[in-house]
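Next come the chains, spelled out residue by residue.
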Amino acid sequence: KQEVTQIPAALSVPEGENLVLNCSFTDSAIYNLQWFRQDPGKGLTSLLLIQSSQREQTSGRLNASLDKSSGRSTLYIAASQPGDSATYLCAVGTNAGGTSYGKLTFGQGTILTVHP
Amino acid sequence: DGGITQSPKYLFRKEGQNVTLSCEQNLNHDAMYWYRQDPGQGLRLIYYSQIVNDFQKGDIAEGYSVSREKKESFPLTVTSAQKNPTAFYLCASSPEGNQPQHFGDGTRLSIL
Numbered sequence: 001k002q003e004v005t006q007i008p009a010a011l012s013v014p015e016g017e018n019l020v021l022n023c024s025f026t027d028s029a030i031y032n033l034q035w036f037r038q039d040p041g042k043g044l045t046s047l048l049l050i051q052s053s054q055r056e057q058t059s060g061r062l063n064a065s066l067d068k069s070s071g072r073s074t075l076y077i078a079a080s081q082p083g084d085s086a087t088y089l090c091a092v093g094t095n096a097g098g099t100s101y102g103k104l105t106f107g108q109g110t111i112l113t114v115h116p
Numbered sequence: 001d002g003g004i005t006q007s008p009k010y011l012f013r014k015e016g017q018n019v020t021l022s023c024e025q026n027l028n029h030d031a032m033y034w035y036r037q038d039p040g041q042g043l044r045l046i047y048y049s050q051i052v053n054d055f056q057k058g059d060i061a062e063g064y065s066v067s068r069e070k071k072e073s074f075p076l077t078v079t080s081a082q083k084n085p086t087a088f089y090l091c092a093s094s095p096e097g098n099q100p101q102h103f104g105d106g107t108r109l110s111i112l
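If you read the protein sequences in the order shown, they are chains A and B.
With the numbering used here, letter number 51 in the first sequence gets 51, and the count goes up by one each step, no holes.
With the numbering used here, letter number 40 in the second sequence gets 40, and the count goes up by one each step, no holes.
Honestly, I wouldn't trust all of these hints.
[To be verified] Capping the alpha-carbon separation at 25 angstroms, the derived lysine-lysine pairs in BS3-like fashion look like this:
#1 B:83 with B:57
#2 A:42 with B:9
#3 B:14 with B:83
#4 B:57 with A:1
[As the list claims (entries may be wrong)] Rough simulated footprint, nothing fancy, chain B against chain A, three-plus residues with beta-carbon under 8 angstroms:
#5 39 to 46
#6 103 to 111
Think of the hints as simulated: they come from the structure by calculation, not from any bench.
C-beta: ideal position from N, C-alpha, C; glycine also.
Construct all of the structure, not just a fragment, from the sequences and the given hints.
Here it is, written out as structure tokens:
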């Protein structure tokens with residue numbers, strides 16, 4: 001059974017710092033890996049999707065890497081801003097019963113606070 | 001605008017009562033999903049559906065039921081058999097294949 005772990009559970013940094021969030025998973029047979037942002041009381045916003053054949057994806061100040069063999073992914077946030085404060089969730093996509101659809105297994109999230 | 005609409009935003013359940021959470025999408029996605037989120041935890045999959053009139057149990061299906069009579073709708077019923085229903089419920093959808101899932105804004109269910 002796939003298990004996903006995120007470290008650290010919480011992180012507080014001053015504005016302008018570069019930071020790294022970590023995600024590890026136990027089964028390397030994955031479709032993809034997705035990073036989400038969740039604001040308090042809200043749904044999830046997809047940030048980056050890395051296919052299993054890719055090593056990294058970039059969007060603006062965000063960069064996500066994937067190392068399937070070691071079961072790890074990192075989300076790098078450059079020049080952090082107070083508006084980046086949220087919970088960041090990592091989710092691993094695996095095959096849903098031999099179909100072409102994926103199932104997501106989530107980590108417990110990292111709560112990020114960026115203070116001015 | 002295309003998206004996923006969940007209603008109601010807040011819902012209260014009495015002991016022994018069944019309640020139904022609504023999820024509608026106009027993204028023309030084939031697959032739809034229901035997740036439960038408890039405080040300080042990630043999301044856990046309750047049920048998912050890949051096509052109309054078909055659905056599969058996820059990791060925590062006990063005490064829940066679903067239907068998929070239309071492509072755009074995937075309601076979730078929390079039955080009286082679910083002894084700990086207080087949680088934040090999230091609905092998602094995705095196209096066929098290796099594509100991102102899109103989420104609604106969630107329904108928060110509490111016990112009276």
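Going through the hints against the structure:
Among the hinted pairs, residue 83 of chain B with residue 57 of chain B is consistent with the structure: their alpha-carbon atoms are about 18 angstroms apart, no more than 25 angstroms. Distance restraint check for residue 42 of chain A and residue 9 of chain B: the Cα-Cα separation of roughly 10 angstroms lies within the 25 angstroms cut-off, and the hinted pair is therefore satisfied. Among the hinted pairs, residue 14 of chain B with residue 83 of chain B is consistent with the structure: their alpha-carbon atoms are about 12 angstroms apart, no more than 25 angstroms. Between residue 57 of chain B and residue 1 of chain A the CA atoms are separated by roughly 15 angstroms; this keeps the pair inside 25 angstroms, and the hint holds.
Three residues within the 8 angstroms Cβ limit are the bar, and the region 39 to 46 of chain A against chain B gives 6, so the coverage statement holds. Here the region 103 to 111 of chain A counts 7 residues with a CB under 8 angstroms from a CB of chain B, which clears the bar of 3, and the coverage holds.
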